[in-house]
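Use the sequences and the hints to build the structure in full.
Now for the letters of each chain:
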Amino acid sequence: MSENILRVENVTMQFGGVVAVNNLSLDINKGEIVALIGPNGAGKTTAFNVVTGVYEPTNGRVSFKGKTIVENHPQGKMKKLYHGENAGVYTHVVSPTPDKITKLGIARTFQNIRLFGKMTVFENVLIARHMRSKANFMSATLRLNHAEEAANREAAMKYLKLVGLEDLQLEKASSLPYGKQRRLEIARALATEPELLLLDEPAAGMNPQETVELAHFIRDVKNQLDLSVFVIEHHMDLVMEISDRIYVLDFGKLIATGTPEEIQNDPHVIEAYLGVGDEDA
Amino acid sequence: MKEKKKSDMIISAVLLAALFVVVAVLDKRLSATGIAMTVLKKGCIYSLVAVSMNLLNGFTGLFSLGQAGFMLIGGYTYAILTIPVEARNSVYQYFDGGIVQFALPFWVGIIAAGCVAALIAWLIGLPVLRLKSDYLAIATLGFAEIIRAFFQWDKLGVLTNGSNMLRKYPSFQSLMFPFVVAVICIAAIVLLINSSYGRAFMAIRDDEVAAEAMGINLAHHKRMSFCISSFFAGIGGALLAMYQTTIQASAFKSNMTYEILLIVVIGGLGSITGSVVATFLFYACSEWWLRFLDSELMIGAFKVPLLRSGFRKVVFSVIIMLIVLFARKGLMGDKEFSVAGIREFFSKRKKKEAGS
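Chains A and B, in that order, give the protein sequences. Under the numbering used here, the residue at position 172 of the first sequence is numbered 172, and the numbers go up by one with no gaps. Under the numbering used here, the residue at position 115 of the second sequence is numbered 115, and the numbers go up by one with no gaps.
Just so you know, the hints here were simulated from the structure itself, not pulled from any lab data. Values in this document were obtained by computation on a predicted structure and should not be read as measured data. One should not assume that every hint holds.
With a straight-line Cα cutoff of 20 angstroms, these simulated EDC-like cross-link-like pairs (lysine to aspartate or glutamate) come out [stated by the list, open to error]:
(1) Lys30(A) / Glu241(A)
(2) Lys100(A) / Glu208(B)
(3) Lys80(A) / Glu56(A)
(4) Lys5(B) / Glu171(A)
(5) Lys65(A) / Glu195(A)
(6) Lys253(A) / Glu56(A)
(7) Lys100(A) / Asp207(B)
(8) Lys103(A) / Glu208(B)
(9) Lys118(A) / Glu208(B)
(10) Lys172(A) / Glu123(A)
(11) Lys118(A) / Glu336(B)
(12) Lys172(A) / Asp207(B)
(13) Lys5(B) / Glu154(A)
(14) Lys103(A) / Asp207(B)
(15) Lys348(B) / Glu171(A)
(16) Lys5(B) / Glu149(A)
(17) Lys118(A) / Asp207(B)
(18) Lys335(B) / Glu171(A)
(19) Lys222(A) / Glu241(A)
(20) Lys172(A) / Asp334(B)
(21) Lys132(B) / Asp99(A)
(22) Lys335(B) / Glu123(A)
(23) Lys172(A) / Glu344(B)
(24) Lys118(A) / Asp334(B)
(25) Lys161(A) / Glu171(A)
(26) Lys180(A) / Asp206(B)
(27) Lys172(A) / Glu336(B)
In structure tokens form, the structure reads like this:
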């Protein structure tokens, strides 16, 4: 068994009285591609937002490489309202802002593409390098950080080449076609030098041909950069093709987990996706 | 590409040097109290303030209306620190000469003006920068009003001279002085915007969530932009105080902020050169070119209708409305006026001509 990189323990996310994610636990090991699937509104993106610090979970813990990065328990008004499980288990509150989590080595893309539209393709990737630069604003203004800036530009170019967008580097990000915007988002996430890459529906809006290409691309990048990948996806072809393991979420609850073959034959999963079949018909 | 960049830099430097010569000549030729001189001096001072506001509103996407407040702080800091000791008794005549009994050289005063404004911006920023869009605008506007009232407070008279004006501090006569200060400050802002931090600011403007996911610390960068913008607004305030030779808190009304905001919007949010050009146009129009509208005009026996005192403001407002309606992005949009840009423009035209 290889070493664990992300562990989500008993995470519950409750908005007011609505439980979006209910007692979710999952593990991702180093070098794995793990998929999280489920019908619309199952809480997949919410789970991502908890891991990346966008939301503070109501209860539960997330750890990255053995270190707790997010932890919370019901407090204040939530104490009464909370109707999830494991209420008394967690006692600490760790709730960093998303930029801190990115710094630790978790990068993500978004379901609805969020590029910096007014900037060029190259600048979009270059921004990701800002976080790791050491120059303060004075030395950056006075251009005392030549070497660092040059290294950042080189690295940004490297990631652009990796996704095959180097010819478009001077275009405005918002002027790219949809599929290329997706690629640019991945390049930007990779430029933060993550160990774990979170992809939120990377194949949304792609045709079957593009989806196949994306599957190859994700696997190549993973091997090249020694990443672990956690992916939310609706396209079953893609999920079955690339994932080592799959978690299935329905109404915020985990209903199945296993290899692609196991999931394909799991009656719970079929029920969740197709509705309850009428056996006699 | 690199060589082109170098030649562009040289051309820009030559143009800037030429501008210096022009300013030096104007300094000699124009009468010091003439209207053209007023417009040029005011243009230099306000273009610095407008660019500082653009850094915040146009590049970082923080809609702040506190600029007049920070100018006031800068202007007062400068005046309080630089009034000569022997003049203090006559300036602070109701407050026994005030409590500050030393005078700093003028350049220390200017830098101090920026620093104090930045320090106060840092303090204000702690609570206020959690707010977004309109709420931030309201909070900063309120802050500017509070500052204005605060500086007029009797109890602080030993420091601020209450609601009386401060005067007799060092000021400038030439056009060269505000021009040089403005050029240095605007150059610093341009360098900042083109640095890694400037890109981070623009990322925040374009999409906060994505910027945060890229590892940009929102609170830190917003505060930084707010403080730097206020620093330069403070320096602008000090220049304004020097230009006016007297300073009174009651003059720094929210109107002043609106005027600057207007300039920034007319010039184009996100365009430094746009802000500068718009500032000079704005003051040239409001103080000079549209003046004739305020006086009655007779052509032979015919009295031109509508021209009377105050009509200038009507025309001016209509112009502004037209700009907002038909050129919503302002004069320059988010583009810059640069040597490279001009060359590209012409080479594109050449290509078009060659193609057709």
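- Message: Tell me if the straight-line CA distance from lysine 118(A) to glutamate 336(B) falls inside 20 angstroms.
- Response: Given pair lysine 118(A), glutamate 336(B) holds - Cα atoms ~14 angstroms apart, limit 20 angstroms.
- Verify the proposed pairing of lysine 65(A) with glutamate 195(A), using a straight-line Cα cut of 20 angstroms. At roughly 10 angstroms apart (the allowed maximum being 20 angstroms), glutamate 195(A) and lysine 65(A) satisfy the hint.
- Item | Restraint check for lysine 253(A) with glutamate 56(A), where alpha carbons must lie at most 20 angstroms apart | Distance of about 18 angstroms is within 20 angstroms: holds.
- Query: Hey, lysine 118(A) versus aspartate 207(B), does the alpha-carbon distance stay inside 20 angstroms?
  - Reply: Satisfied, since the Cα-Cα distance of roughly 10 angstroms is no more than 20 angstroms.
- Query: Given the hint that lysine 118(A) pairs with glutamate 208(B), does the C-alpha gap stay at or below 20 angstroms?
  - Reply: holds, 14 angstroms
- Message: With the threshold set at 20 angstroms, check whether the alpha-carbon distance from lysine 172(A) to glutamate 344(B) stays at or below it.
- Response: holds, 17 angstroms
- Item | Pairwise hint evaluation, glutamate 123(A) against lysine 172(A), where the allowed Cα distance is 20 angstroms at most | Given that 20 angstroms is the threshold and the Cα spacing comes to 9 angstroms, the pair holds.
- Query: lysine 335(B) and glutamate 171(A): Cα distance at most 20 angstroms?
  - Reply: Given that 20 angstroms is the threshold and the Cα spacing comes to 15 angstroms, the pair holds.
- Mind checking the alpha carbons of lysine 30(A) and glutamate 241(A) for me, to see if they're no more than 20 angstroms apart? The given pair, whose Cα atoms are some 19 angstroms apart, holds under the 20 angstroms limit.
- Within a Cα-Cα threshold of 20 angstroms, do lysine 103(A) and glutamate 208(B) meet the stated pairing? holds, 16 angstroms
- Query: CA of lysine 348(B) to CA of glutamate 171(A), is that 20 angstroms or under?
  - Reply: holds, 16 angstroms
- Message: Tell me if the straight-line CA distance from lysine 180(A) to aspartate 206(B) falls inside 20 angstroms.
- Response: Holds. Lysine 180(A) to aspartate 206(B) sits at ~19 angstroms (cutoff 20 angstroms).
When each numbered hint is compared with the structure, no violation occurs for any of them.
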